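S.K.: Protein chains in written order, with full-length UniProt numbering: chain V, 1 to 948; chain D, 1 to 300.
The reader is advised that the hints may include incorrect statements.
[Said to hold, decoys possible] Within a straight-line C-alpha distance of at most 25 Å, the following computed DSS-like cross-link-like pairs (lysine-lysine) qualify:
| id | chain 1 | residue 1 | chain 2 | residue 2 |
| --- | --- | --- | --- | --- |
| 1 | V | K379 | V | K422 |
| 2 | D | K58 | V | K255 |
| 3 | D | K98 | V | K653 |
[Unchecked claim] Estimated spans, in silico, between C-beta atoms of each pair:
| id | chain 1 | residue 1 | chain 2 | residue 2 | range |
| --- | --- | --- | --- | --- | --- |
| 4 | V | R575 | D | P281 | 58 to 64 Å |
| 5 | V | L246 | D | G93 | 39 to 45 Å |
| 6 | V | P658 | D | D103 | 28 to 34 Å |
| 7 | D | D196 | V | N357 | 37 to 43 Å |
| 8 | V | P658 | D | V95 | 46 to 52 Å |
| 9 | V | A355 | D | K10 | 26 to 32 Å |
[Stated by the list, open to error] Selected chain D positions facing chain V (in silico; Cβ < 7 Å):
| id | residue |
| --- | --- |
| 10 | K10 |
| 11 | I176 |
| 12 | N183 |
| 13 | V264 |
The set of hints was computed from the structure by calculation and includes no laboratory data.
What you are looking at is a predicted structure, and each value in this text was computed from that prediction instead of being measured.
Here a beta-carbon is modelled for each residue, glycine too, at the ideal position from N, C-alpha and C.
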Amino acid sequence: MASDEEDFVFHGTPIEREEEIVSRKKKAVAGASGNLRTLPAWKQEVTDEEGRRRFHGAFTGGYSAGYYNTVGSKDGWAPQSFTSSRKNRAGARKQSISDFLDEDEKADMEGQSLSASSQFDTFGFTAAEYSRKQVEKEQHERPSAIPGPVPDELIAPVSESIGVKLLLKMGWRRGHSIKDVRASSDARREARKAFLAFSTDENTKETSDSMVSETEVETSLDPQFSEDIKISESIPVYVLNPKQDLHGLGYDPFKHAPEFREKKRSRLSANKEAGFRKPLSMKESLFGPKSGKTAPGFGIGALEELDVEDEDVYGGYDFDQTYVIEDEQPAKPSNDNRLRLTSKEHDVLPGFGAAKNSDYSMERFNPPTIPKDFVARHKFAGPLEAESKPTLSAPPDVPPPADNNLKLLIEGFATFVSRCGKLYEDLSREKNQSNQLFDFLRGGNGHEYYARRLWEEQQKRSDQSKLTLDVKPSSSVQKMTAEERGSLLGEKPLQRSLKETDTSASSGGSFQFPTNLSDTFTKSASTQEAADAVKPFKDDPAKQERFEQFLKEKYKGGLRSTDFNRVNSMSESARAQERLDFEAAAEAIEKGKAYKEVRRATERPLDFLAGGLQFTSGGTEQIKDTGVVDMKSSTTYPKREEFQWRPSPLLCKRFDLPDPFMGKLPPAPRARNKMDSLIFLPDTVKAASAHQVSESQEHKKETSIDEPEVEVEVENVERPVDLYKAIFSDDSEDDEDHVMNGKIQEGQEKKNEAAASTLNRLIAGDFLESLGKELGFEVPSDVPYQEGTKPMEEESKSRSKPEGSSDKRPDRAGFKQKVEEKTSSLTLGSEEEKSRKQKEKSPRKRSGGNDLSSSESSGDERSKKRSSKKDRYRNNDSESDSSSDYHSRDKQGSRSRRKRRESSREKRSSHKKHSKHHRSKKSSSSKLVYSSDEDRKESKREKRRRRD
Amino acid sequence: MSATAELPTKEAHVLKGHEGAVLAARFNGDGNYALTCGKDRTIRLWNPHRGILIKTYKSHGREVRDVHVTSDNAKFCSCGGDRQVYYWDVSTGRVIRKFRGHDGEVNAVKFNDSSSVVVSAGFDRSLRVWDCRSHSVEPVQIIDTFLDTVMSVVLTKTEIIGGSVDGTVRTFDMRIGREMSDNLGQPVSCISISNDGNCVLAGCLDSTLRLLDRTTGELLQVYRGHISKSFKTDCCLTNSDAHVIGGSEDGLVFFWDLVDAKVVSKFRAHDLVVTSVSYHPKEDCMLTSSVDGTIRVWKK
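With the sequences and hints as input, model every part of the structure.
M.R.: Right, dumping it as structure tokens:
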């Protein structure tokens with residue numbers, strides 16, 4: 001081959017081998033289209049725009065740079081000549097980023113910055129920018145006199161913008177203002193004003209009007225000046241405002257409050273006018289339409305918006321005296337005086353002054369002369385004596401009628417008449433026209449005896465009233481009266497006041513420590529007070545005392561055997577009569593309406609007598625009744641209620657107090673009502689949660705009442721069993737239950753069995769139910785399940801309506817009997833009570849398990865809608881209050897708890913937006929009020945979850 | 001006449017500085033100093049006996065509604081429209097901690113006896129207890145049984161008492177874990193406790209002050225004559241518990257006899273609503289603050 005080549009002679013330039021070029025180009029194209037990317041890293045090549053390799057191996061030249069990977073230029077590398085920076089320092093070269101960039105990189109950078117072409121540079125900004133850059137560049141080259149960047153004003157755009165061109169076409173000439181002539185006078189006026197402000201020292205008595213006129217004069221006087229202005233209209237006039245204050249240079253105290261500038265100026269001029277101060281109408285200018293609402297002087301932050309809470313509720317105060325105090329102008333003392341002055345004579349009308357001496361003189365009258373024999377104490381005739389004077393002549397003493405009943409009746413009646421007056425006799429005579437028993441009023445059988453008794457009673461009464469009148473001058477309760485003092489000193493009380501305080505004190509004490517048993521039956525102090533205020537047996541102190549005793553016994557409960565020991569002298573029948581009397585009176589007092597009730601009280605025993613003598617045992621039944629009455633009557637304010645409240649352990653620690661709930665589990669839901677806890681919380685529940693509830697009132701109450709076993713079991717069926725609890729329940733807890741509660745003796749196996757069966761039923765039932773809901777069908781549920789849910793419904797209702805609990809009792813009792821038949825199947829009360837709590841701890845679980853359709857994953861809207869619908873249902877139910885519609889009710893039974901919670905949550909969330917959720921709010925409004933602590937916690941938790 | 005002579009009815013000083021309404025004026029524990037706060041978002045420390053402004057504390061973002069000083073005078077707390085409770089250092093004027101959590105304006109704050117916690121009463125129907133000892137900014141406890149805005153709070157050694165617009169005065173007893181709710185039927189704007197600790201005075205918005213027995217909850221006395229219908233006007237008792245003091249919306253200050261509820265004295269203290277009345281813990285000296293931007297010191 002080599003010999004061959006030597007033989008040939010070549011002419012011309014050889015044609016480049018095609019394949020080389022083609023392959024190179026191909027590579028470049030492939031690289032551009034990104035095909036090379038697919039190659040492994042070590043196969044990829046970096047090429048320049050011509051497809052040449054950028055990088056070579058270390059031995060083949062490394063970085064492709066310079067002239068064919070060799071030197072800076074074709075001529076080869078030349079060292080930079082040394083230039084000393086000693087002489088020309090200013091010319092010291094600064095390095096910039098462009099020094100380190102290749103041409104292509106520079107091209108890249110320039111390509112990125114967009115700029116308007118000079119032709120469309122309307123306002124000349126780009127041109128100005130460009131020219132500034134030029135100037136800077138020049139500055140680099142030669143040092144200028146002004147160091148730093150050149151001020152913008154000095155640089156004019158070099159090229160004409162399209163805007164200028166347009167304007168020129170429209171007839172505008174250079175050097176003229178674009179504004180019309182009238183508008184241009186503004187600038188002039190500005191200049192004038194500034195000029196005048198400067199010269200106020202010279203011309204002090206100037207008003208703004210004269211200012212204007214003077215400027216006119218000035219302009220007319222100085223035509224050359226005005227000509228100047230006309231010519232250079234477009235050039236702003238700078239008038240120097242000399243510095244007269246002590247502020248820092250460039251500081252403008254009125255920068256954001258130009259209103260004050262006016263004020264200050266006028267104040268300055270006013271000071272020169274012999275200190276005359278005219279009322280300034282600064283308020284309008286400063287506190288415009290917006291600030292009528294907000295408190296003057298205090299805006300809110302820029303980032304905050306004006307709320308309702310920013311309204312100035314105290315509006316109406318004129319703050320024109322409190323202006324912003326400037327640094328160099330301390331508040332004047334005269335200012336303060338003025339304020340005080342206005343405060344002193346605030347009722348003087350503006351424009352009017354108080355007269356120094358008035359013609360009107362008050363006529364003075366001497367006080368009336370008091371007759372010598374006047375005693376400054378009013379003698380009260382006895383309240384009854386005013387009506388019926390005791391007959392002076394005593395009726396003849398007549399033996400009582402043979403009929404013992406009649407005798408009692410007459411005696412009782414006479415007593416009441418003597419107490420209440422003749423009017424009562426007339427009334428009852430009218431009332432009992434046809435009644436045979438009251439013949440004695442109309443002169444029939446026993447009339448004489450009645451007359452005699454009446455006289456005796458009145459006699460007794462008048463004596464008594466005289467006595468009390470002497471002893472007790474005024475019936476002021478607050479002040480210490482003579483007999484109180486006497487009783488304190490150990491004297492024998494004539495009145496019953498000592499007893500009174502005794503009883504109230506005892507009741508108060510038991511109220512304060514409601515753990516003792518009697519508390520259940522204790523009345524609130526207010527009614528006790530009422531009882532004291534009304535003294536139904538004022539006339540007969542002994543009797544009144546007995547009545548006191550009776551009340552005491554009654555409210556304390558317990559046996560009443562000892563109390564009548566002292567009155568053994570009384571006959572059996574008299575005692576019975578009195579007892580009836582007392583009871584009626586007590587009842588009447590409780591009802592609180594004073595005089596009417598006394599009358600009713602007097603009628604009551606008569607009614608009893610008419611039906612034959614009855615002796616009520618005065619046991620719990622009776623007292624419960626009165627308790628209900630009490631609750632109704634105590635709606636008067638102030639009303640005291642007590643709840644359990646659990647302070648957090650840390651709070652107790654911070655207050656240096658022992659935690660009353662130390663080592664106890666979270667508190668049980670608050671019992672809203674005494675009756676609630678009394679009747680509807682079963683023993684088992686109580687016992688199960690005994691470790692949670694402290695020695696609380698309710699608990700004591702529970703144990704104090706002997707509820708029959710059956711009823712307890714009824715309560716056990718109240719709520720559907722919590723599956724999770726039933727399945728995963730801890731044995732130790734169950735043991736605890738056994739220990740705590742003797743009533744659940746059924747074995748663990750049985751529980752589990754029952755739980756399993758309920759589980760199946762619940763899942764099936766719930767699924768069916770939800771399916772039915774979706775399709776709009778009515779799905780009947782299993783009977784025991786249905787029954788089981790009812791009491792809960794009942795309870796929730798009773799919670800929502802604590803007041804009406806007494807009304808509903810018969811209904812409930814009937815219902816209980818009904819349920820008794822079903823009790824044997826489900827007896828998981830305590831278990832379930834506990835599990836309910838657990839349920840509330842894990843709402844997510846519950847919703848997932850019990851209610852498939854409305855789990856949290858399903859949209860909020862839907863569940864909300866449904867709950868509101870249900871609420872409507874429930875509302876109807878509670879209104880109808882009949883046991884007939886259990887069918888529809890049991891559908892909601894399983895969820896009613898959750899619903900209640902949801903509805904309360906809705907209520908809370910929509911608390912501020914009243915317009916929303918009208919329906920649900922209406923139905924749940926009463927519930928919210930009494931919703932338990934747990935409900936609230938629950939709702940909060942729900943909210944939080946939503947937020948997440 | 002002798003009764004009025006011992007009442008602080010003579011104006012000793014006028015404290016000026018607040019721009020706009022002063023919402024509360026409080027003596028410190030020994031009565032030598034006073035803290036006031038108002039619409040201008042500042043809290044000011046005064047020597048009311050000499051009429052000198054000592055210090056101004058600024059940090060609140062909105063109006064400051066109440067302030068209370070610890071018993072050792074080292075710290076104080078304040079609250080207001082910015083929904084936060086501030087815990088301040090008196091001498092440096094720095095905010096030590098801010099307690100956030102109320103969902104609405106905070107109406108009242110109080111320290112407990114040992115100054116270890118702050119209790120705040122808010123528009124969000126809750127009382128919140130904040131811990132000053134630890135670094136936690138979470139409330140120690142939230143009491144949310146109120147049905148409406150809580151306007152006022154008072155602490156005893158063992159109880160927290162709150163007065164609310166729902167008409168109740170609720171006492172939370174920490175010893176027995178019990179809440180006692182006394183429903184007065186009228187919105188309660190201010191409560192204060194008698195010096196013997198047996199009674200609570202509740203200022204209601206039907207222009208009535210009601211005195212309640214704390215143990216039984218019964219109404220002992222009713223004080224009328226002033227105007228209190230729409231603003232929070234304070235009420236308090238004198239040191240001897242002999243008189244009840246109440247501010248009125250027409251700028252008057254009333255003194256009633258505690259027992260027979262007679263108006264013993266009334267005088268014009270301010271032009272406008274008297275927002276706050278504070279009585280010196282030992283002497284017969286009184287502070288009143290008003291919407292007119294002044295605080296007045298009254299002595300006998």
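S.K.: Of all the hints numbered above, which does this structure not satisfy? Sort the numbers upward.
M.R.: Numbers 5, 7, 8, 10, 13 - these are the hints that the structure violates, sorted from lowest upward.
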